[in-house]
Each structure stands twice: as C-alpha cells, then as structure tokens.
Amino acid sequence: MSAQTLSMADPRPKKSEAARFIRGLEITNLMVGVIAVTVAYLVAGPGPLHLGVVVGAAISALNLRAMVWLGGKVISAGTHSRTRYAVIFGLKLAVLVAVVWGAMSALPVEPLGLMLGFSTILPAILLMTVKKSLEPVEANRTNSKGEL
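With positions in the sequence shown counted from 1, the corresponding number in the working numbering is that position plus 1018.
None of these hints come from the bench; they were simulated from the model.
Possibly wrong hints are sitting among the right ones.
Said to hold, decoys possible - Within a straight-line C-alpha distance of at most 20 Å, the following computed SDA-like cross-link-like pairs (lysine to any residue) qualify:
1. 1149 <-> 1040
2. 1033 <-> 1086
3. 1091 <-> 1149
4. 1091 <-> 1102
5. 1110 <-> 1040
6. 1110 <-> 1087
7. 1033 <-> 1155
8. 1091 <-> 1039
9. 1110 <-> 1081
10. 1110 <-> 1094
11. 1149 <-> 1041
12. 1032 <-> 1094
13. 1091 <-> 1110
14. 1033 <-> 1052
15. 1032 <-> 1154
16. 1110 <-> 1133
17. 1091 <-> 1041
18. 1033 <-> 1092
19. 1150 <-> 1045
20. 1110 <-> 1085
Work out the full structure, taking the sequences as your base and the hints as a guide.
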C-alpha cells in the first residue's frame, strides 16, 4: 500500500500547528514533571520536599489541561456559551488557589517543593519554544483564507 493510499484512508482531520504545539507542551510538561520528581527524590529522598514536587507537578499538569480545554471551548463555542466558558476560565484561577492552599494546609509538603513542582511549566514552555524554532518552516503555510 502506498503512502498516498494510507494518507487517504485516514479519516482524521490534520491537527493545526497550534494544536500540535499545545499537545507537545502538555507532554513536555509531564516529562519535566517526572524529571523534577525523580531529581527531588534522589536529592532529598522521600519526605516533604519530594511530596511537594509531586503535588506541585500534578497540579501544574492538571491546570494546563484545564486551561487548554477551557481555552478551546472559549474559542470554538457560540457567543452565549463563549461567555460562560470565559467566566469558568476565570473561576478556574480561584479553584487553583484553593487547591494550592488545601495542599499546603492538609498535606505534609514543603512549600519550596510545591513551587518547584508547579513551576515545571516554565522549562516545558522553553523547551517547546526552542524545539519549534528549530523546525523547518512549512513551504505551503497559508493563512486562514488559504492565502500565502
């Protein structure tokens, strides 16, 4: 079977460049989180610092997933629903603050570890930006109207 036949048989629409970047960012954030958790365990052993990194990395990954999902809804929803999703997106920040406060209050976590775990998004953004800057530019890139 030729490559052309295979590509015609795939009914899934091709993801946009932005969607591929965001998905890559989510995966990279998870990988950086795993690395941070491993390094914290090797450096500090099991304990409050390590648990803080674990909890922070988990919160970071879930927060990014929520932002991507809600942001997609804000962009693709109708006018009435768009406003509702935008409000929910704003309320998500209050939920995030409550989750961090709850983790620091109820769990034996070191605040530094929680901060380090939550901050995994920053190196993930840097890595994805560098990766994207090193990719060749597509020759047939067009704008939304199909113009070059």
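Going through the hints against the structure:
1. 1149 <-> 1040: Holds, at about 13 Å.
2. 1033 <-> 1086: Since the Cα atoms of residue 1033 and residue 1086 sit roughly 15 Å apart, the hinted pair holds (cutoff 20 Å).
3. 1091 <-> 1149: Violated, because 27 Å separates the two Cα atoms, which is more than 20 Å.
4. 1091 <-> 1102: With a Cα-Cα distance of about 10 Å, the restraint between residue 1091 and residue 1102 holds, given a limit of 20 Å.
5. 1110 <-> 1040: 19 Å, holds
6. 1110 <-> 1087: The hint holds at about 12 Å.
7. 1033 <-> 1155: The hint holds at about 16 Å.
8. 1091 <-> 1039: 17 Å, holds
9. 1110 <-> 1081: 8 Å, holds
10. 1110 <-> 1094: Holds: residue 1110 and residue 1094 sit about 19 Å apart, inside 20 Å.
11. 1149 <-> 1041: Since the Cα atoms of residue 1149 and residue 1041 sit roughly 13 Å apart, the hinted pair holds (cutoff 20 Å).
12. 1032 <-> 1094: 17 Å, holds
13. 1091 <-> 1110: 14 Å, holds
14. 1033 <-> 1052: With Cα atoms ~27 Å apart, residue 1033 and residue 1052 exceed 20 Å; violated.
15. 1032 <-> 1154: At roughly 18 Å apart (the allowed maximum being 20 Å), residue 1154 and residue 1032 satisfy the hint.
16. 1110 <-> 1133: Since the Cα atoms of residue 1110 and residue 1133 sit roughly 19 Å apart, the hinted pair holds (cutoff 20 Å).
17. 1091 <-> 1041: 16 Å, holds
18. 1033 <-> 1092: Given pair residue 1033, residue 1092 holds - Cα atoms ~18 Å apart, limit 20 Å.
19. 1150 <-> 1045: 14 Å, holds
20. 1110 <-> 1085: 8 Å, holds
Of the numbered hints given earlier, the model fails hints 3, 14; all others are met.
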